[in-house]
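S.K.: If you want the building blocks of each chain, they are given just below.
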Amino acid sequence: MDRRPLLSRAPRGFSVLGLVLFVAAIAALAVFPSFVKKPYVLHMGVVLFLAVIQGQAWNVVGGYAGQYSVGHAAFFGIGAYVTMMLLEVNKIAPWVGIWAAIAAAVLVSLVIGSITFRLRGPYFVLASISVAEIIRLATLHFKEFTRGAEGFLVSEIPTLKIGATEIEFFTKRPFYFAALGLAVLTIIANWIVQHSKLGYYFQAIREDQDAAHSLGINPAFYKNVALAISAAFTAAAGGFYAMFVKFIDPNTVFGLDISVQFVLICIIGGIGTILGPVIGAMVLVPLSEILRNPKGLVQLGIVSSDSGFVRFVEANLSNAHMLVYGILVVVVILFAPEGVLGVIRRLASRVRRRASSRGRTEPAATA
Amino acid sequence: MAILDIKHVSKFFGGLAANSDVSFSMEQGMIMGLIGPNGAGKTTLFNCITGYYPPSKGEVTFKGTRLNGLQPDQVCRLGMVRTWQKVRPLAKLSVVDNVMVGALARTSSLKIARELAMEQLKVVRMDHKPDFLAGGLPIGERKKLEVARALATKPELLLLDEVMGGLNPAESEEIIQLILELKKRGLTQMVIEHDMKAIMRISDRIVVLNSGEKLAEGGPREIADNPDVIAAYLGERVE
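Listed in order, the protein sequences are those of chains A and C.
Sequential numbering from 959 applies to the first sequence in our numbering.
Sequential numbering from 2 applies to the second sequence in our numbering.
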């Protein structure tokens, strides 16, 4: 299976082209709401940015450090619950409360990490699942504190004052910009981590933990660092999610399907790369939205309201989106183990090779 | 003072004594050969010295520090590093990145680590392909990469576990020259090897293990003439 790509595909250092594209993409997304004002489109934009943040966050511990956590709902839910409860119970604004949520998630990650990182491979995966389930069940059980299955509803998000400007979180617009900003921050943080000593150490542990250990790396410590970084961004995503959808209960934020979603975004896009989670989110979010709510396509004006496709999806697939996810994952693992990004890179290098071999034969022909 | 002092080290796996009561010490700058039949406990001894296994009994002292209970990463930072019999390249990282991981034990700057790494690649004569993926290298270069990566951690004592295993004669000769070159630079080395001619050429002293116990210790000539060693391991006299 290994096609032995002899040249390393991850040229380290600064790519001017990459930076230009990154800034251009941000600029395009930032002016996007000035042209497209449909709340539904902005809503999908927020969902997409959230998925990017989730993927990038998981990537730190799952992609670089190679620890496949399927329990990230724990940190997502803690982020959501702490932000929500501080707002609803203590009347603390979410942009303040989210920092407490991040701190709480990091603390919990250190506890979880120091227990579960004694395990390797599939045993770690199982442990991560059970920890998230324990937290979900505890949240359901301790009703006096968490309101159990009743959950929390946002009554009102206070107005944010930055200097003279006042931002009211009534429409989708402020959420769109906040999510975009958070996604950009997460990507930059991920880039910095990857291009630092930490990134090297994470990858060394992923490739061979024992070899890493012999080279002066304490695997337990660095795995915990990776998990803490990941938990911080995951909690931020969770807190933001709670404010955005305005209602949370234990099953929607601590559920196993949330944990699986983190992994899927990265597997589909390409694990252990900066671009992978972005591509994964771009595939997964539209797909799941079309499956769950095919009428959205009608709202966008892409298909007409009596389209056979919409009727087919509604009748046959809208309750089976998990099935479609499952099939998608099987296909990706079988045919594109390095994700969509891996496929793109393979195609690109094939084109490049063809171009370079042509370049070599031409001078020979003229001579 | 001895750089490494191994005193009465035993390692039991259940009822099996993989090492029992092994003692010897090494002086600064020397090359110690460690030989013995398969299953004699050579690699287990490496694991006990470098912190992968805590010895069941006995103690290991490196530069005056007692190592019992220290982890491999701490041992590495003290200045002792090992290579692996079955090579362990960080397959999806490039050659220079592999060596940089070692160098990062001594610096936090990627720039300095890269310079250190390129220096070590030059030492093992692999500086012509720093950007190749480690996973795609042939065995001879993987072995050299292991040595370069270990050297990048700036060790005072290098433990080489069958670094010539699986190599052709030309590649083995290159490794022998490398080991001798490193000795000239003052690096202390312990070498596990099955190639008797090679081990006789490079070692200042040799320890022979058999069934976990130390069978003999001495200079190369002494070991080659030792009737116990001939009976247990060599089978015939080595010239």
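No lab work stands behind these hints: they were computed from the structure.
Among the hints, a few may not be true.
Simulated pairs of lysine-lysine, DSS-like, Cα-Cα distance not exceeding 25 Å [stated by the list, open to error]:
#1 K184(C) <-> K1155(A)
#2 K130(C) <-> K1155(A)
#3 K130(C) <-> K87(C)
#4 K123(C) <-> K87(C)
#5 K184(C) <-> K155(C)
#6 K1155(A) <-> K155(C)
#7 K1155(A) <-> K93(C)
#8 K1155(A) <-> K112(C)
#9 K1204(A) <-> K1119(A)
Which chain A residues stay away from chain C? Per the calculated CB distances, all over 12 Å, these [to be verified]:
#10 A1122
#11 S1154
#12 K1155
#13 L1156
#14 Q1161
#15 A1162
#16 I1163
#17 I1175
#18 F1179
#19 L1245
The beta-carbon is built from N, C-alpha and C at its ideal position, and this holds for glycine as well.
S.K.: Now look at each hint and say whether the structure bears it out.
M.R.: How the hints compare with the structure:
{"no.": "1", "hint": "K184(C) <-> K1155(A)", "verdict": "violated (30 Å)"}
{"no.": "2", "hint": "K130(C) <-> K1155(A)", "verdict": "holds (22 Å)"}
{"no.": "3", "hint": "K130(C) <-> K87(C)", "verdict": "holds (22 Å)"}
{"no.": "4", "hint": "K123(C) <-> K87(C)", "verdict": "holds (23 Å)"}
{"no.": "5", "hint": "K184(C) <-> K155(C)", "verdict": "holds (14 Å)"}
{"no.": "6", "hint": "K1155(A) <-> K155(C)", "verdict": "holds (17 Å)"}
{"no.": "7", "hint": "K1155(A) <-> K93(C)", "verdict": "holds (17 Å)"}
{"no.": "8", "hint": "K1155(A) <-> K112(C)", "verdict": "holds (10 Å)"}
{"no.": "9", "hint": "K1204(A) <-> K1119(A)", "verdict": "holds (21 Å)"}
{"no.": "10", "hint": "A1122", "verdict": "holds (43 Å)"}
{"no.": "11", "hint": "S1154", "verdict": "violated (7 Å)"}
{"no.": "12", "hint": "K1155", "verdict": "violated (5 Å)"}
{"no.": "13", "hint": "L1156", "verdict": "violated (10 Å)"}
{"no.": "14", "hint": "Q1161", "verdict": "violated (6 Å)"}
{"no.": "15", "hint": "A1162", "verdict": "violated (5 Å)"}
{"no.": "16", "hint": "I1163", "verdict": "violated (9 Å)"}
{"no.": "17", "hint": "I1175", "verdict": "violated (6 Å)"}
{"no.": "18", "hint": "F1179", "verdict": "violated (9 Å)"}
{"no.": "19", "hint": "L1245", "verdict": "holds (28 Å)"}
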